[in-house]
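Asks: Read top to bottom, the protein sequences are chains A and B.
Just so we're aligned: 550 in numbering that gives the first Met the number 0 is position 551 of the first sequence, and the numbers increase by one with no gaps anywhere.
Just so we're aligned: 101 in numbering that gives the first Met the number 0 is position 102 of the second sequence, and the numbers increase by one with no gaps anywhere.
Because the hints were derived from the structure by calculation, they are not lab data.
If you want the ones that stay clear, here's a sample from chain A, every Cβ over 10 Å from chain B, calculated:
1. 20
2. 21
3. 308
4. 375
5. 444
6. 453
Chain B stretches covered by chain A per the calculated footprint, using a threshold of three residues with CB under 8 Å from any CB of chain A:
7. 203-212
8. 270-284
No more than 25 Å apart at the CA atoms, straight line, and that leaves these computed lysine to any residue pairs for SDA-like:
9. 103/B to 103/A
10. 62/B to 108/A
11. 308/B to 18/B
12. 59/A to 137/B
13. 62/B to 107/A
14. 103/B to 61/B
15. 215/B to 550/A
16. 62/B to 49/A
17. 308/B to 216/B
18. 62/B to 404/A
19. 103/B to 107/A
20. 215/B to 171/B
21. 103/B to 100/A
22. 215/B to 315/B
23. 59/A to 53/B
24. 62/B to 412/A
25. 223/B to 508/A
26. 317/B to 17/B
If you're wondering where the values come from, they're calculated on a predicted model, not measured in any experiment.
A virtual CB, placed ideally from N, CA and C, is assigned to each residue, including glycine.
Residue strings, one per chain:
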Amino acid sequence: MAAPKKGRRSSGGQSRPGRALALIAIALVALTGGMFLSGHTTPRLGIDLAGGTSITLSAKEQPGQKNAINPTNMNTAVGIIERRVNGLGVSEAEVQTQGDRNIIVNIPRGTNEKQAREQVGTTAQLYFRPVLTIAPGTPAPKPKPSESPAGKAGDKGKAGSGEKATGTDKPSDGPSASAPAPSSTTQGRAVTDALKADASKSPQAAPSKAAPSGSARPTGSPAPSGAATPAPQPTPGANIPPELKKKLDALNCADPKARAEAGLGVKPSEPTVACDEQGKAKYALGPAGVSGTDVDDAKAAFDQQSGAGWIVTLDFNSKGADKFADVTGKLAAQQPPNNQFAIVLDNEVVSAPSVSSAITGGNAQISGSFTQQSASDLANVLSYGALPLTFTESNVTTVSPALGGEQLHAGLVAGALGLALVVLYLVIYYRGLSLIAILSLLVSAAMTYTIMTLLGPAIGFALNLPAVCGAIVAIGITADSFIVYFERIRDEIREGRSLRPAVERGWPRARRTILVADFVSFLAAAVLFIATVGKVQGFAFTLGLTTLLDVVVVFLFTKPLMTILAKRKFFSSGHPWSGLDPTRLGARPPLRGRRRPAAPTDPKEA
Amino acid sequence: MSRLGTLGARLYRGEVGYDFVGKRKIWYGISILITITAIVGLAVRGLNMGIEFSGGAVFTTPKASVSVGQAEQFAERASGHAALVQELGNGGLRIQISEVDTAKSDQIKQKLSQDLDIPASQINADLVGPSWGEQIANKAWLGLGIFMLLVVIYLAIAFEWRMALAALIALIHDLTITVGIYSLVGFEVTVGTVIGLLTILGYSLYDTVVVFDGLKEASRGITKQARRTYSEVANRSLNGTLVRSINTTVVALLPVAALLFIGGGFLGAGMLNDISLSLFVGLAAGAYSSIFIATPLVADLKERQPQMKALAKRVRAKRASAAAKGETDGAEQQDREDGEYEENGTSVVRPRYQPPARNRGRGGPSGGRR
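In isolation and in its complexed conformation, chain A is listed as follows (with noise of 0.2 Å):
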């Protein structure tokens, strides 16, 4: 017998009813409280019943790159979507996991849903561009608020004009012998394992010398001369066309939708021009010397040797560092700001450092006016480059307030109707008996709505339409536990029992047979639950988080409210409404000696 728990509360329920019900009682008090405390009263809705879009976006591994789906990269990957969609201004957006290779973007109603779709659904794009020019953010110098609402976002700019890159030692080296981080085999596992091993080793650019040629250069970014250009100069990539120059003058940085869509269409090899997160500087960039995807690894260390503070190591692969020296070389030998690189993601300057010297050996460190956030935060946007994932569009859902509305109307209406039908099917058959599991699918119901809304603050559960659906099919599940047990009763009272020790009796083995069955239900929601993705996770949480409640309200509720019921002589003198009506179930009773006669007709065997 390896049904699970058994025996346990073999005799707490029985003999102590009115402890039970207590508990059950402070039990739904506190969720109530806590529900009303909590001051959501409701449980959150889903995309699909309140309206909004959800997007599912797919990770892809490169060619090549195996075991690039992994937790440190999805969630790097989740980061620079989160940053992006916030970003945009949406409010409440939620970018999650789902499974190991999916995530959804949640976009409530009411924001743009277009633009918010473009930015996620585009892949994030890193490139590093040479700086052509730089020109305050408005054409005209009024001052304006900052747009962006991370706040981050205004140290990191600050940061950014006194940004410089440097080489690390051993220029001669080859990349991978240079490398700081663990020698790669593949990307992917570089930026795992580089990752993980942030913490332990910070001062990471202990070996490098800091580059001591230009490290207190410092860089003319911020505000140079209005619209106007630097001198021509001969060096090839600086000279910016008059049409970039048109570009530029007429880009407005103040507005959002103008520097969304600035650069916007535009291909690496040509040069564009863009914003700086904040809008406060507008860049004229040259064709992209490197892209994003040619980085390693990047991360923000704490450079104790030369003071510099917080930087940002990066590593280039062999086809990046090659680049990147070309890059470099060409860039060192220009007068600020044409010295600069800009690192730009999607069509924004993150960072535009200053070169003092080509840097070769594929080795880079950014050092500037870095705090820890910002030094991290531009680690993680180099290092998305350096994901080996593409994502893709899995599902778009876009669902309008009235059609969700709709749905959930429908789930309701349903879910009402079911559990009419249900407590129609037990008051006919079960008469008085039904009483009670009325009250137990009540307390079942009120437990289940309570946490579900709990569960929305606690742990970002949202109540989708398939949820709604596993919250109506459990009516059956736990309308059965009452059946099993119920059944039991009467058989116990078929064989001539009075009502209380059937009660007692039918119990043990009600009991085993409701906790073997729910096992096995719970069971089927749990492995649905890890094993599967999208809609069918919801349906699974509810299914088994309603087969749990049934064995606590069966157990706590039920069985004790049967024996005290069972004391009442409605029941216990089997008054034909009460159910148990032993004549009605048939019960043999001693003084029923009708049936005799028929017996000895059967063949006798003593």
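Go by the hints and put chain B onto chain A.
Replies: Relative to chain A, chain B alone:
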């Protein structure tokens, strides 16, 4: 209802009953026939996989002023692909366009919004990339595999391997029937269908487990008597839990039926409808299989055990000797049981108040008679 109640009592006592186990060959035959039909249907017709599996877009609009045919034309013009338009219960339209790239769908939505004269914000779109359905399906297969493995292990521990095997066969049987019905009727398979199918797993087993639990209890100490073979005990226990099985199924089907009614009648189509349809079909199959397939299978497997063979032999021998004594042929097992009951009833005063004593009284003499 009182009639149902007494029917329950008579079933419980074994006064009436259907010989599920004895007539198992018929039911096996029927099930094999259904399964073959389902497999043939699946092979010939295949499944009508929804947009979620092939990739494409589904647009749902509020009440529109155009006809279904017009909307179809608009949709095909806007997308350049075949479109399927249904009218929903609330007057809205459901427009399915296959093979549409997720990136292109926004343009289609804009065009549709102009053509149908409905603001774009009121048009619901569900866009699915071609690999998404595959991912869901793969995950579902994985979940199915893990679940079956765990359940077999659990049932083998909680009951025994024979019951685990029978439950697994019954489960596969339910899934095959459900999938077969989907393929034959041509219902669309969506994510909701998959959810429903996976839920059937739990529910079908839930039912089977309850039946097995009764069987396990009834067959305890079975080798210590010579009255009934395992099959007969199984059959009696099955009849005893029949009322509960019926009740369970009815109670499970009622909410699902409500979902189906509301989902189908109110919303026309969608998640509610899909889940409840596959649940409805699967639950019905599950109730059938746990009664007609799972328990007879267990009985079949058990009868192969040496102890059970020996028991069956003893039972036969006893019946033969009883028949030789000039009694009526003991083939009418139900009557015999009833007879025993009555017989004990006459010999022991008020036996029903002490069932353990009654059982002992029953087991004792039979042991002696062996």
